Amino acid sequence: MIGRNGKNPQAEGRIPLPQASREDGLGPDPAIVVAEGICKSYPSIRALSPLSFNILPGEKVALVGPSGSGKTTLLYLLAGILQPDEGVLSIDGRPMTSVRPGRELSQLVGLVHQQYDLVPHLSVLHNVLAGRLGQWGLLRSVISLVWPRDRQMAEEALAQMGIGDKVNERTSHLSGGELQRVAIARLMMQSSRIILADEPVSSLDPARAEGLLGLLTDLVRGSDGNDGKTLIASMHSPYLIRKYFSRVIGLREGVLQFDMPSSEMTDEVSDRLYDLEQPEPALWGVGN
Amino acid sequence: MRVLESRRLLTLILFAAFAWSLSGVDWLGPMVHTGGPQSLLRFIQALFPPELSPAFLKLTLAASFQTLAYSVAAITVAVLVAVPMGLLASGVAARSARTGLPAAVAARFLLGAIRSVHELVWAVLFVYALGLSSATAILALALPYAGILGRIYADLLNDVPEEPLRALRASGASPFQVFLFGRLPMAFPDMLSYSFYRFECAIRSAAILGFVGIPGLGYQIQLSLHDILFDQVWTLLVALVFLVVAVDLWSTRVRRDLVS
Ligand SMILES: Nc1ncnc2c1ncn2[C@@H]1O[C@H](COP(=O)(O)OP(=O)(O)OP(=O)(O)O)[C@@H](O)[C@H]1O
Ligand SMILES: [Mg+2]
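Chains as they are written, first to last, in the working numbering: chain A, 2 to 289; chain B, 4 to 263.
Chain B on its own, in the form it takes in the complex (with noise of 0.2 angstroms):
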């Protein structure tokens, strides 16, 4: 009951904040600039037809795998480093309460801090510390996904139906066997899902990263828009959009895969 009570309470407190925030907008300055209706104009016009000359379509190219290279490596350092730590944060392959609380507080804490931080920050951090290298790039992308993706791993694990596991452990099962053929099984396919979904977020992220001066699909648009290159900047947005849905259709197929 009183749980239930201090629930509602924070529910309204948090309500209270949203609407308090509201009022810190300024609701009736000029949203758009003066110069913006034409600007908008101009940016529109040029898609039709964006920059399809050869050379640039190869440099567009090279940018798109440029930014899917990074986005892969990144995604795939974010999982490693994220299942052990997921694992860990969830505690529920300890062996004891003991032992498990201490370190899933310590491992929700780091994953807490890895990912308070925004990627394009881990950027600008890493390129002070490594230069424009990929090694900047792939960490700077990996660190706060993993703290996503490990956070994410961990309320999956948490969260399955608890009646196949207690099943499990009445059948001798040690808690380590209870994770190997309960939680995994049945978080698995939402997991998978999620690291798909974050695949695309990453590919969007490392565009992004060339605000900073790292090469890629975001570095070029950051050029054609610095040279006004309307029609350049479309032919670069759309490679983008292009990667995200393939990554999208594939995990589709992946995830249909899973459940048949």
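Pulled out of the complex, with its shape left as it was, chain A reads as follows (with noise of 0.2 angstroms):
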């Protein structure tokens, strides 16, 4: 199995993970995810070829790879939006199969497009109050359309991401990157334990993308009272892989190329896993 079931050096030696407590004898740490072979086909392509790894509660995971590479076919798949065609993946300890569409996987797992996917014409507050519509039941919901509820959750959660002037903007009026910061607070307010985010700096220029990925990495690892989460999300800037996250898994075509952490994600990887000249997946050694 290619993976990693151990700790990691690197962000061991730097910010203290949720994980590290847990060398004391009790075991391995539990996997919050675990996928084994798991392979996923569209009808003209295969966009995933069997894949497995662990991943640890508090990582931060980027994966990397050209376009069409499927990166965000595996977050869909970690997402519980596709199934996989082939393997199993398991979600704190429990098969994906098992978990409840609709409040139990969201509870669980929680998705940040790379388009963002906001209803347009709804209210700001309304977009990330939607983030607890798991949490709603019917009556509820029909009254928040009129009179919100957790109105003051959601206003907190927008100005922590710098935009809380436009709670009752029309989200249409939005720049790029408010909708991306809107995104990420609709996910806060979902408050899973698993953060999904697909590219999601890729319409950000390189300050506010930084920005974006300090608010991002400050929900992961969570406040006093709340226990770290764990992130995994599609990126491209070596530069920035090394300074926000833990571990660096690359994809080719569907296929693991490397699973490292993402120290050793220099320019020069980068730089091969996306040639485009390159004229057949090089497997590099795998991480650890």
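Each statement offered as a hint is correct.
Derived CB-CB ranges, DEER-like:
#1 Ile46/A - Leu123/B: 49 to 59 angstroms
#2 Asn161/B - Arg47/A: 27 to 37 angstroms
#3 Arg152/A - Glu8/B: 51 to 61 angstroms
#4 Ala109/B - Ile46/A: 33 to 43 angstroms
#5 Ala109/B - Tyr43/A: 27 to 37 angstroms
#6 Arg258/B - Ser68/A: 35 to 45 angstroms
#7 Ala109/B - Ser203/A: 41 to 51 angstroms
#8 Gly115/B - Ser203/A: 41 to 51 angstroms
#9 Leu7/B - Ser42/A: 20 to 30 angstroms
#10 Ser68/A - Ala106/B: 39 to 49 angstroms
#11 Val241/B - Leu140/A: 48 to 58 angstroms
#12 Arg47/A - Glu8/B: 20 to 30 angstroms
Simulated from the structure, these hints should not be mistaken for lab results.
Treat the numbers as computed from the prediction; the structure is a model and nothing was measured.
Even for Gly, the Cβ is constructed at its ideal location relative to N, Cα and C.
Two independent chains are provided; combine them into the complex using the hints.
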């Protein structure tokens, strides 16, 4: 099995990750994501070849790979939007197939999509509140369209994202970067244990990209009361991966190329992964 | 691939049917009857000026109000019927496909059935059943309009972009919540403007019901035509145009308020 089942030497030295405290003889930390030979084909193409890996709670994993390499597909599998053709995907010790869609799934995984996928016709407030739908009953949802519940919670999430003044704005009026923040605020409302983000910084200028990754990683680290979450995001910039992530998984044409600490994600590795000339997928040495 | 091919074939068949239908028109025979040009001239001359006597203006106003009242009532009933029917027909709020699909098929069939009969035909039927009452006018309009609106609502609800809905589902929303926070807000502006457009149509249709004896602008037009009083016909026509334009202006305003 390709993957890491132990500690993360790079991260241990810098940020105390939640699992660090479990190195106390209680055995290996239970992985929050276990993928065993998952693969996915579309009618015309094999998007993911059998793929196996473990992800521990608190890890910040970057998925890299050129366009069409299967990053979005993998994130969709993890989000339960798609089901693997073969193999088993377990989240928090349970096979994905046994997790009921709806409330249960939404508390485990949340996804910020590549195109944010907000409802443009609704106010920012309502889009953020939509993150609570899994917790709300029918009546509360109907009432909330007119008299929003949990309004304060949504306002706090937006304020934390630095766009507290946009609460009542129509979502279609926002800029790309603001939309991304709203999508993350919605994810905060959902308060899932795993945060999936598909190219969260693709439409941001470099400064904003760092700002947003800072917010995301803060969210993952968790504040005093909350325990940490796990982040899995598709990314392109080696610099940002080294700075904000603890681990990097490389894909090319649906095949795993490497899985290693993010510190090893040099520009050269990246160039080789994205190289258009490369005749066939080369296999890097697997991380660790 | 196969779907694409059969779609092309269908397009071809439809075009052939259209071409064939053109051959059914008698292109060489006289398309205007012999006294036509003179009648047309007299009709146009009657516009300068139209009938403007206070008594007739009062009659026009009353008839306009009558027509407007019927169309408002009819479109209201039609919307009230079309919203739940369209929702059923779209199948989007169903808990599962197993219950949703039969309901959608049934709703679509019913909507299709009531809109395939023209309002004039409905009117004739209701005149037999209910006499020349307001109920006849309102039902005759409301039924086919509910059929049209319901169908359009269903299509608009079905055709919203899928991605935001998927995101809502991912945050744990049930099908009805997805409808409430996703489909409805996205489809609503189009549903509203189509309803307004249908309201305009309802005014014209309400006027047409005059031809089966329902009071209103159409009935007055018919009476004046019968007596060859073209100047009166003009007054009534102008009133009809006035109503339609007023609704159009109103709907433009509502839509503008909605987007900003
Ligand atoms: N719904 C679909 N139907 C058919 N093929 C698909 C579908 N979605 C993705 N694919 C194909 O699967 C492959 C992987 O797609 P995927 O979206 O996972 O790539 P990606 O790594 O996210 O690319 P990008 O960086 O451009 O977003 C691509 O070749 C794509 O064309
Ligand atoms: Mg993608």
